[in-house]
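J.: Starting from the structure of chain P, add chains F and D where the hints point.
Protein chains in written order, with the working numbering: chain P, 1 to 508; chain F, 1001 to 1100; chain D, 2001 to 2618.
Keep in mind that the hints were calculated from the coordinates and are not lab data. One or more of the hints may lead you astray.
Computed list of lysine-lysine pairs in DSSO-like fashion (alpha-carbon distance at most 27 Å, straight line) [what the hints assert, rightly or not]: (1) F:Lys1024 with D:Lys2027; (2) D:Lys2159 with P:Lys443; (3) D:Lys2541 with P:Lys468; (4) D:Lys2360 with P:Lys438; (5) P:Lys427 with D:Lys2541; (6) P:Lys427 with D:Lys2159; (7) P:Lys500 with P:Lys488; (8) D:Lys2531 with D:Lys2549; (9) D:Lys2549 with P:Lys427; (10) D:Lys2003 with D:Lys2110; (11) P:Lys468 with P:Lys505; (12) D:Lys2531 with D:Lys2514; (13) P:Lys427 with D:Lys2556; (14) D:Lys2584 with P:Lys427; (15) P:Lys505 with P:Lys479; (16) D:Lys2556 with D:Lys2440; (17) D:Lys2027 with P:Lys443; (18) P:Lys24 with P:Lys105; (19) F:Lys1026 with D:Lys2584; (20) D:Lys2440 with D:Lys2360.
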Amino acid sequence: MDHILSLIIFFPLLAGIAGFLVNKDSIRVYGIVVSALEFSLTIALWIGFDNNIDGFQFVEHASLISNFGMSYSIGVDGISLFLVILSTFMTMIALIGLNIEKDAKNLIISILYLEMTMVGVFLSLDVILFYLFWEFSLVPMLYIIGAWGSDRRIYAAIKFFLYTFAGSVLMLVGILYMGYFYFQQTGIWSFSIVDWQLLSMPFNLQLWLFGAFFLAFAIKVPMFPFHTWLPYAHGQAPTIGSVILAAVLLKMGTYGMVRFLLPLFPDATIYFLMPIAIVAIIMVIYAAMVAYAQEDMKQVIAYSSISHMGIIILGIFAINAEGITGSIFLMISHGIVSGALFMLVGCIYDRRHTKNMSEFGGLAISMPTFATIYGIMLMASVGLPLTIGFVGEFLSLMGFYKVNWLMTLFAGTGIILGAVYMLTLYKRSFFGEITNEKNRGLKDLHGRELVALVPLVALVAILGIYPKPLLEPIDLSVKKMLVLMHKKAVLPDTQDFILKVNTIKGGE
Amino acid sequence: MITLTHYLVLSGILFSIGLVGVMKRKNLLMLFFSTEILLNAVNVGFAAVSKYYGDLSGQMFAFFIIAVAASEVAVGLGLLVLWYKKTGSTDLDSIQMMKG
Amino acid sequence: MEKYLYIALFAPLVGSLVTAFFAQFPKTLFTGIFTSTLIFISFVSSMILLNYVDMDTIVHVEMMDWISAGNLSIPFGFVVDQVSVIMMVTVTLVSTVVHVYSIGYMDHDKSFNRFFSYLSAFVFSMMILVMSDNFVGLFIGWEGVGLCSWLLIGFWYHKHSASWAANEAFIMNRIADLGMLMGLFLIYWQIGSLQYDIVFANIVNLAPTTVTWIGIFLFIGAMGKSAQFPLHTWLADAMEGPTPVSALIHAATMVTAGVYLVVRASEIYVLIPEVGMFIASLGAFVAVFAASMALVNRDLKRIIAYSTLSQLGYMFVAAGLGAYWIALFHLMTHAFFKSLLFLGAGNVMHAMDDELDIKKMGGLYSAMKPTAILMSIASVALAGIYPFAGFFSKDKILEVAFNDGSYLLWFALFIGAGLTAFYSFRLVMLVFFGEKVHEKLGFHPHEAKPFVIYALTPLALLAIVAGFFEHSFHEFTTQLLSNYEFTLEHSVGMILIFATSAIAISGIAFAVFKYKRGGFSENIENWGIYKLLSNQYYIPKLYEVAIMKPFTALSKFIWLEVDMRIVDSTVDMIAKVIYGTGEKARKMQSGNLSSMLRWMVVGIIVLLVLAIFYRPMV
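Here chain P stands alone, though its shape is the one from the complex (with noise of 0.2 Å):
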């Protein structure tokens, strides 16, 4: 178990490197092997880590440039495990899921490659092997929508590409800057994580530096106005590339946030809590009713997952551990239901080569199962209690609750724009008579599809009713970063904050 990590990281890249051996028609049964030992490889990892440890377990570290502190240095904690397991699922699901015959091995070694990616930047503990598996990430997601896409795949690629490593780059000048900080202060170099967070910084600098930082990870994740790139990319990606960028991608950004700008920048945090909220809350609004309007299911879906990051943001400012464990756990509902969403959109779009409602309507009379679990997603979107939705958005609201309750009311009228724009969409597409003659006779989901779908709509219901496994260790890590940023605060009202939000008032 003692390099079990590094093995999770770098196992997808070699098999992807061995895939190019494979033989072309063997290749799809070969990816789906490679992804399911990847996600048994996470699982045992899930098995190896100590629920009542709070801090990185399973760390590794090897000196890289050893001048400049630079290392390779990776460890998993509460916050990261789930986000890394949800990344091998659902590769493993999307590749079940996964039909399309062109250059099969091409797309199937990019996606190994981008699973390497992901599962890196969740397990880096220094911060430029962070940044270096950040941008690695964009590689194989430019590939799979330029080359698997849709006709406007070239523009929607490169927009995706260019706006993300914009927001990326101005991260990098941050983190050399807070390298040089950071040896400025202590005389040694170190680009060590967990350095970094022990590292008490003059409010000043935390402000400048939270924006660099800040501006990077709200383009991935993406946060109102940034967020336009989002529904070219997944308009023109292949069905597998939206499973992957919805479940996983956006998730690098908030997971980002939780890593670096709370525990690193906790005076700059506070004092930007209400802009970001803010901004937050227009992102949650105004998402919800571009998605009321939009007329393709798929872009529906995009910007329906906008919406539900907007929540998951407000949940990780409100500084309090039922906010930011409800993020995380949001974080992987959102994944877990996006994915199957998009995957959904895929299977009638396989079918009809449209993804217009317009042309769908009484698609529960021809393909009933279809409709079942479209529906228990559509719930699970919506949040309803017991399954896998609620449970984070209702601690992210609970908590941000405490921060600003009429900002809270704001948000939480997403719950029932989400109910508007879920339901009409459902209503165009399921309900109704047959009128359009091409939907009569559709194939209902089969064998591979299902096999694909069952899982997660089995995950919705199971960890709609016993999240606990999840949440514990999530809670964990979470109260011990929230007393790292209490202690290293130089703001006396920071800290003052920090512990408001944090406690239940008693009886007066």
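T.: Just chains F and D now, kept in the frame of chain P:
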């Protein structure tokens, strides 16, 4: 009395003439003349300032420039002759092979 | 006893899940019988628990942890106490009848199996709602019944109107649910727990404004589920669902969840009489408001739906004024006679080939005698005539209003009682008596199957006798709920009873008298007030014009104008500027030596200027 200023003004005037020549003339040969004027304008300046400060390194630099200019003209004229033999023209506008 | 608790709770779930596997198969009678049996078992367990629970024995279990994060810890915990057991018995009893009835009613429907799966899922959600020992558990049931209501209203999803109504119901409830969620958050951050016992033990320590806010937020939730003004429009539209659904969900159980919430949180509401007064006032308003709409409607089911709305108003008056046990009592009796009324209406609909316009019926008595008798019993009970169930519970509410000194409320309810009696018998008269309009229109009504009628008899029986349980009910529930002290003198009370009975009887008499003679002339339909009422005060229209259309337009505007034209174009513009600059700057690289030399000169000049004017170090 001829002071440093006079030399520098002369250098400036020469330099301007050279610049105008560089910009305006289309004949490659005239271009070489103009560059020579430019270089020599700088030489005048170097020599004058060197004298003014009593520091010989300025004049030394002027010599260097003269040497470099001579070799440049030698190579340049060689190329020019070749070009003329090939195309029958020394017009600048006929040389546009490196268009971006 | 925990065993019975789990049986009562999970039997419906088992039924639902097992039946779900048959959902896509053609009709199998097994599903109907299987689920009905399980619901009946659940009913029996509830009865056993009812016998078991008394002063100091309640059943309280914690099944397992659900959500825990930070200081928050929410278990799946269930409690069977005096309030929840009453609800359990009511819910399972009505559900059993409705299940059996549905076997007959849904006989010809091709989605027979799916229907029973949904119906049992609803019962399960409702049981969670009433049995939970904490607010979040209640919220699970709350949303669960919302989901099942969505599924069942939209059961005939091929009908546009049905799926529209389903969505409307779900979304309106969501609006209210947000209020409720806010209430839960507030409670949590004040008290640190969402368990009923802890919350109620600590609520007195909170500042009065906080408690007021909690009360308001929770009541907003109740308003949605119980379809109180202004969130009432969904209930009438929900009649698109199959009639057993209307009987079970939209009359007997789900819509009363709001009342249940107020009763359950009575320890919060006793602290804030101002909010209680607001609840009561809103209830009284809805009681009259809904009754007035029922007066003119021609749709069989909508009339009963408005009547439900009106009766919910009565319950809220009682709950708002602190007479929680009376609210609960009316909730129970209402469940019996209103579901009976709906199920009878279902028989009529079947007989009339799903025709709903009561003006097209008439004289059905001869064809369907048992149904006519059952519906008449239900209507008499609804009108509140001695000795039927409605008399006992409704008169108590009027008494409470009078006792409280809220004479305005009392008067509203008094008028409401008259209206109720009138519209109930307008319906009975138009459907069962008078001229046989249906014959002209070529309908051939027939009575429902005997077992369907037999299934209804328990409800009919209860609609007649349930009132006589008043004293034992009072004793039982006030073990948990605070008692309501009547200060009225006995004689005043008697006068009130006579006055209310008088107006109810005169309402009935007027309806019978008028409709025996062919009813009102056609030209009242041109009256302004008639139009106002039959258009439901133009409120649905207002919602459409003032909310739905602007929202759709705004959404389109935001997407096309803001998102595409401003946000996205800005991004693209930045890209275009950079690209365009490159495109322009490319011309510099013309390959022409003299133009390049010119650029060189420009560069020299720029550098010179910089060298002369920019001296950062000096």
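J.: None of the hints should be skipped; say for each whether it holds.
T.: Results of checking the hints against the structure:
For a cut-off of 27 Å, the pair hint linking Lys1024 of chain F to Lys2027 of chain D is broken: about 96 Å separates their Cα positions. Restraint check: the Cα-Cα separation between Lys2159 of chain D and Lys443 of chain P comes to about 23 Å, which is no more than 27 Å; the hinted pair holds. Among the hinted pairs, Lys2541 of chain D with Lys468 of chain P is inconsistent with the structure: their alpha-carbon atoms are about 46 Å apart, more than 27 Å. A threshold of 27 Å between alpha carbons decides the hint, and for Lys2360 of chain D with Lys438 of chain P the separation of about 40 Å lies outside it, so the pair is violated.
For the proposed pair Lys427 of chain P and Lys2541 of chain D, the alpha carbon gap of about 21 Å is at most 27 Å, so the pair holds. Note on Lys427 of chain P and Lys2159 of chain D: the hinted pairing holds, with a Cα-Cα distance of about 11 Å set against a maximum of 27 Å. Restraint check for Lys500 of chain P and Lys488 of chain P: the C-alpha separation of about 16 Å stays at or below 27 Å, so the hint holds. For the proposed pair Lys2531 of chain D and Lys2549 of chain D, the alpha carbon gap of about 23 Å is at most 27 Å, so the pair holds.
Between Lys2549 of chain D and Lys427 of chain P the CA atoms are separated by roughly 18 Å; this keeps the pair inside 27 Å, and the hint holds. With a C-alpha separation of about 36 Å, the suggested pairing of Lys2003 of chain D with Lys2110 of chain D is violated against the 27 Å cut-off. Pair hint Lys468 of chain P plus Lys505 of chain P holds up; C-alpha atoms about 25 Å apart against a cutoff of 27 Å. About 20 Å separates the Cα atoms of Lys2531 of chain D and Lys2514 of chain D, which keeps this hinted pair within 27 Å; it holds.
Taking the CA atoms of Lys427 of chain P and Lys2556 of chain D, the gap is about 19 Å. The hint holds against a cut of 27 Å. Between Lys2584 of chain D and Lys427 of chain P the CA atoms are separated by roughly 51 Å; this puts the pair beyond 27 Å, and the hint is violated. Only pairs whose Cα atoms come within 27 Å are accepted, and Lys505 of chain P paired with Lys479 of chain P is accepted, the gap being roughly 19 Å. Between Lys2556 of chain D and Lys2440 of chain D the alpha-carbon distance is near 50 Å, which puts this suggested pair outside the 27 Å criterion.
The suggested pairing of Lys2027 of chain D with Lys443 of chain P holds, with an alpha-carbon distance near 22 Å, which does not exceed 27 Å. Taking the CA atoms of Lys24 of chain P and Lys105 of chain P, the gap is near 6 Å; set against the 27 Å cutoff, the hint holds. Annotation: proposed proximity of Lys1026 of chain F to Lys2584 of chain D holds, straight-line Cα distance about 24 Å (limit 27 Å). For the suggested pair Lys2440 of chain D and Lys2360 of chain D, the alpha carbons sit about 9 Å apart, so the restraint of at most 27 Å is met.
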